[in-house]
Amino acid sequence: MTDLLPPALILLVAALLTLFTRGHLRTAVILAAPLATLWAIWQVPDGVVATYTFIDYQIEPVEGSALRRLFATIFAIMAFGGGLFAFRQARTSELASAQAYAAGAVGVCFSGDLITMFVWWELMALFSTLVVWCGGTSSSKAAGIRYAIMHLLGGIILKVGIDGIAVQTGSVDIRPMLATDFATWMILIGVLINTAAPPVSAWLADAYPEASPTGSVFLSAFTTKTAVLALILLFPGEPVLIGVGLYMVLYGILYALLENDARRILAYSIVNQVGFMVCAIGIGTQLALNGAAAHAFAHIIYKALLFMSAGVVVYRVGKSKCTDLGGLFRTMPLTTICGIIGALAISGFPLTSGFTTKTMISQAAANENLVFVYMLLAAASAGVFLHAGIKFPWFVFFQKDSGLRPKDAPWNMAAAMVLFSALCILIGIFPDAFYKFLPYSLEYKAYSASKVIFYLQLLLFSGLAFFLLLPLMRRTLTISLDTDWLWRVALHRAVTFASAQLLAAGTKLGQLTDKSFAALRSRAESRFGERLESTRAGVFARAWTIGTTALWIAVLLTAYVLFYLV
Amino acid sequence: MTKDSKTDHWLVRPATIRWLWRIFIVVLALTVLAQFLLPVKGYFGVDGWFGFAAVYGFLACLGMVFVAKALGVVLKRDENYYQDQASDD
Chain A
117 MTDLLPPALI
127 LLVAALLTLF
137 TRGHLRTAVI
147 LAAPLATLWA
157 IWQVPDGVVA
167 TYTFIDYQIE
177 PVEGSALRRL
187 FATIFAIMAF
197 GGGLFAFRQA
207 RTSELASAQA
217 YAAGAVGVCF
227 SGDLITMFVW
237 WELMALFSTL
247 VVWCGGTSSS
257 KAAGIRYAIM
267 HLLGGIILKV
277 GIDGIAVQTG
287 SVDIRPMLAT
297 DFATWMILIG
307 VLINTAAPPV
317 SAWLADAYPE
327 ASPTGSVFLS
337 AFTTKTAVLA
347 LILLFPGEPV
357 LIGVGLYMVL
367 YGILYALLEN
377 DARRILAYSI
387 VNQVGFMVCA
397 IGIGTQLALN
407 GAAAHAFAHI
417 IYKALLFMSA
427 GVVVYRVGKS
437 KCTDLGGLFR
447 TMPLTTICGI
457 IGALAISGFP
467 LTSGFTTKTM
477 ISQAAANENL
487 VFVYMLLAAA
497 SAGVFLHAGI
507 KFPWFVFFQK
517 DSGLRPKDAP
527 WNMAAAMVLF
537 SALCILIGIF
547 PDAFYKFLPY
557 SLEYKAYSAS
567 KVIFYLQLLL
577 FSGLAFFLLL
587 PLMRRTLTIS
597 LDTDWLWRVA
607 LHRAVTFASA
617 QLLAAGTKLG
627 QLTDKSFAAL
637 RSRAESRFGE
647 RLESTRAGVF
657 ARAWTIGTTA
667 LWIAVLLTAY
677 VLFYLV
Chain B
27 MTKDSKTDHW
37 LVRPATIRWL
47 WRIFIVVLAL
57 TVLAQFLLPV
67 KGYFGVDGWF
77 GFAAVYGFLA
87 CLGMVFVAKA
97 LGVVLKRDEN
107 YYQDQASDD
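Chains as they are written, first to last, in my numbering: chain A, 117 to 682; chain B, 27 to 115.
Hints are computed from structural coordinates only; laboratory data are not their basis. Each residue gets a CB set at the ideal place from its N, CA and C atoms; glycine is no exception. The reader is advised that the hints may include incorrect statements.
[Unchecked claim] Simulated coverage check for chain A against chain B, where a stretch passes if three residues somewhere in it have a Cβ under 8 Å from a Cβ of chain B: (1) 396-408; (2) 460-470; (3) 591-598.
[Unchecked claim] With a cut-off of at most 20 Å between alpha-carbon atoms, the simulated EDC-like pairs for lysine to aspartate or glutamate come out as follows: (4) Lys567/A <-> Glu484/A; (5) Lys516/A <-> Asp110/B; (6) Lys567/A <-> Asp73/B; (7) Lys102/B <-> Asp600/A; (8) Lys257/A <-> Asp110/B.
[As the list claims (entries may be wrong)] Chain A stretches covered by chain B per the calculated footprint, using a threshold of three residues with CB under 8 Å from any CB of chain B: (9) 174-182; (10) 570-579.
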């Protein structure tokens, strides 16, 4: 068993090879490495496979379980699909970064201890920043810097928590905990930052849409979902997560409704979907955790599919604002159909993957008698159809005729989209085959007439609402402020103001000291100064005659003698 | 944009759109009427009411669109807002 290396190493080596190969060889590396990783993932047995000792702590680089293999599997599938989508269009640096980024995600999946997890976690932060920068524009550079600062900050908070746990318990083992003291709170916050939880949700919609058309496909998959896995492993049943999740669900919908940029709409809906998972982890029953894991799996596929269809549009027309797009279905039928399949899946339409996984979370809420949570999730399901299910395909592919007549997707992009569309539908039609891979073996029936009718009503009447409210949905050339305004504008203004004030205060202080020094100097001069033309010399600078001096010396000596004798 | 309804794509001709609306309304009605044949078993009673999901979904969307509109009044800025902020200094 000692010869088992972390499966993530395959992708890491592939990332290096991608940099140094060209042509077909590079293509082979990009497509074969995820498949080899997939094979390696399924060689990992349950339990801790290898342990080392590192400064008194047990390091467990590879630990297997059904849950860990499930997440690693979808990350490997994503690396394959993303690679297929991108290998002919993306820059080599982006492809290599994306593979190293995927390696980080797979590495987190099999980390048996917090230190190993942290190392892979930071690797992801590093290479995802590079993927953002590969967008190549000045705004992607700036967004990448903001992204990196946020994730490095999150990493520091996480590290503080890990160190706290290590000191308190003497062990860095990954095991379920609740946020009860400083160290556990730090870990929870550090992980939640990566899920785009409030109050820092803005980093996601800020950075992902600035990446290249291919880069945002990779970005949509790994960071938030490894954080979901970490939450399942570390904080199952943490009640705070229910509230955090519900906030994220509604935040995603409202911001997506206001948004004009197609890829930013999709980015907001990542926050929304991850909110469903976070909420499920907060509920914490076996069914809820199964639901969170299943939903993460399904979500990665349909969200990547949506970003692919948006990516093809950006690649072909170079635009992503709804106000510039429309009517593209005429010349991009395949991209349109794949986009619609992704949109139906994210909305949880029956016969798509979203339905078979999202309803599991709702069922878990109902089983725990959480009426409020269940009802909000149902309303949110309607809202998802509104903002992602209809709004995205409608404004990009239908709406008005923008006059654009771009070609449909290049063959490799088309192949990746068809592959992921097929997965969306397969999981929707054969959920039981998929449920076998979930962490807990539970009896769950995805389809019942009652449930299907309920969701069809919910979704179709949301559709009715969309088309009736269409005049209210007119896109405007605007962005929406978020909490990041606080550090992008308010903090900047405060620093500018403070430095201006300090400068003014410094000048004033300088003037004041100059003045007092000048006064001191003139006083000194008046006492000690030499005789100038117009003034008398200072008291101490005057010359005395010999007689006066001798007299004064005599007086002083007499006084001295007198004092000495008395 | 006045286009000859015969030369444009068949999917966007007014006649097609009228038909799509009719089909949509029939489907909407069917999903609600289906409840007579296959009763919806709610978890909490209220969600099993006739047409509950239809009304709830519609009102939820209405609510979210209006809340988003209201938020937009406060939060919406010109799309070059951040660039303008940066160039102010």
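Determine which of the earlier numbered hints do not hold for this structure and return their numbers in increasing order.
1, 2, 5, 9
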